[in-house]
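> Based on the provided sequences and hints, a complete structural model is requested.
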Amino acid sequence: MVSIRYILLLACSVVILGGCAGEEYTYVSERELKPGPGVFSGKDGGFTLYRGKERSENEQDNDQLKDTVEQ
Amino acid sequence: MVALTAGLTLTAGFPQPDALGQDLEKLVQNQQQQLDAQAAEIQLLKEQLSLLLGKTAQNTEAIATKADKKDVEEVETAKMVVSKNSAVDVTLYGQLDRAGLWADNGDASKVYFVDNANSTTRLGVTANAPATEDLSIGGKIEYEIVSNASTAVNQLEESTGADINVRHTDAWFASKRFGTLYIGRGDTATNGTAEVDLSGTSVITYSAIDDFAGGQLWYDSSTNALSELTVGDVIDNMDGLSRRNRFRYDTPSFAGFALSGSAIESGAFDLAARYERKFDGIKLAAAVGYATPGDLKSWDKQYSGSFSVLHDSGLNLTVAGGNQDLKEDNRDDPTFWYAKLGYRADLFPVGPSAFSVDYGLFNDFQQNNDENQSFSLAYVQSLKEWGTELYLAYRLYTLDRDDTDFDDVNAVMAGARLKF
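Sequences listed follow chains A and B, in order. First residue of the first sequence? That's 48 in the numbering used here, and the numbers climb one at a time after it. First residue of the second sequence? That's 12 in the numbering used here, and the numbers climb one at a time after it.
Worth double-checking, as some hints may not be accurate.
Simulated crosslink set (DSS-like; lysine-lysine; CA at most 25 Å straight-line) [said to hold, decoys possible]: (1) B:K395 to A:K90; (2) A:K81 to B:K187; (3) B:K395 to B:K289.
FRET-style restraints, in silico, Cβ to Cβ [said to hold, decoys possible]: (4) B:W397 to A:A68: 33 to 39 Å; (5) B:L388 to A:A68: 46 to 52 Å; (6) A:V86 to B:S232: 23 to 29 Å.
No wet-lab data here; the hints were simulated from the structure. For glycine and all other residues, C-beta sits at the position ideal for the given N, C-alpha and C.
Here is the structure:
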């Protein structure tokens, strides 16, 4: 029986030869947490306990609402 | 005359009836005017209030429409938990994966209520924060919470109790230019190298075929006795060194290639190469790994690999294999081969459907000349909007061992995986 090691090496060589074409993507195992929405968490797929990067945008929205009411 | 005079005298100090009436009338008119003015003022105030409420409702709707309701809700969320570091993201996540398992080992059939070991129930918290344009720092704590694992239940033990196991307590430093360094308990470099799978059915069938019903006991027809040997005892998909306490480094990806290496507890080391690429109409993923287990395992070295290709038509092919060099001299080297042919399609509006048929051959794992073959049929239906997959699969296990006549084990599993 042909050694599995040689087959793996051959597979690697084929992949290397074809490697420079195509476009990138990230493989995610479907046995790990699947990307996409969750039953309870909705679109995010998780419960955001804290989202720092959009905090400043939300603060701006609050200020805008306050200004409009005062008018 | 006197009376008249007295009457006139008495009335002299009081206003005449006509004058009184006029005064009263004037008073009433004045009061009516005041009431009318107040009523007009109240009406004006009402109109102003109505206008103000209308403006407020319009603005709330405008903000909700402008930014997506998610962002409005996140205003409330952000206020519930605060951090001194405004750049950090913290997320709680998890999944439930429960199923019914029917298994027959040639002697007895039973139904079990299990946690699907192909992708166990788990709960975790992950945090990530950008430190610079190039570097982000993160961490993850994840547990699996398993009651009656499908790899544990068998004819003698229908209820195995619950286990809580640490999967990840891991920190990382991820640089776009220099790669990622992991410190803690988590995936070793070779974890997953024998399990690359684009079929869409790996939630119920993949190269670790013992996750389906690996706890089942073989029944030996030659002695009419239930053995102590389980299905999982004679199968191993040689998927590297799993999750361990380690340092791991991954290179950045270049043209789809990335290399990984880890220094692991108990003197173990491993190396892996991964490849992920999309071509016209084809998605390809592959991985190979090499591991030396130190004191962790009974073998010296292990090679494993897998690749999976998915065509736009939905047809897909997955192949995996592995080989171990054992420490014992009088033992044949265990090997395994696995192949799966699958088809993915959008048959129903609720989400994609996936079908597959697979075959696995596992030789010499527990003793020389052992030959374990397995075959399965699987169907997975995604309910995309609900983060849920429903699955149904059948698997057959056979074991050919010298001086025994083990009956085949048949198993059917049906269940659901819900993502929180």
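> Does each hint hold? Answer for all of them.
Now for the hints, and whether the structure bears them out:
1. B:K395 to A:K90: holds, 10 Å
2. A:K81 to B:K187: Distance ~24 Å between A:K81 and B:K187 Cα, so the pair holds.
3. B:K395 to B:K289: At roughly 23 Å apart (the allowed maximum being 25 Å), B:K289 and B:K395 satisfy the hint.
4. B:W397 to A:A68: 33 to 39 Å: About 38 Å separates the Cβ atoms of B:W397 and A:A68, which means 33 to 39 Å holds.
5. B:L388 to A:A68: 46 to 52 Å: violated, 35 Å
6. A:V86 to B:S232: 23 to 29 Å: About 45 Å separates the Cβ atoms of A:V86 and B:S232, which means 23 to 29 Å is violated.
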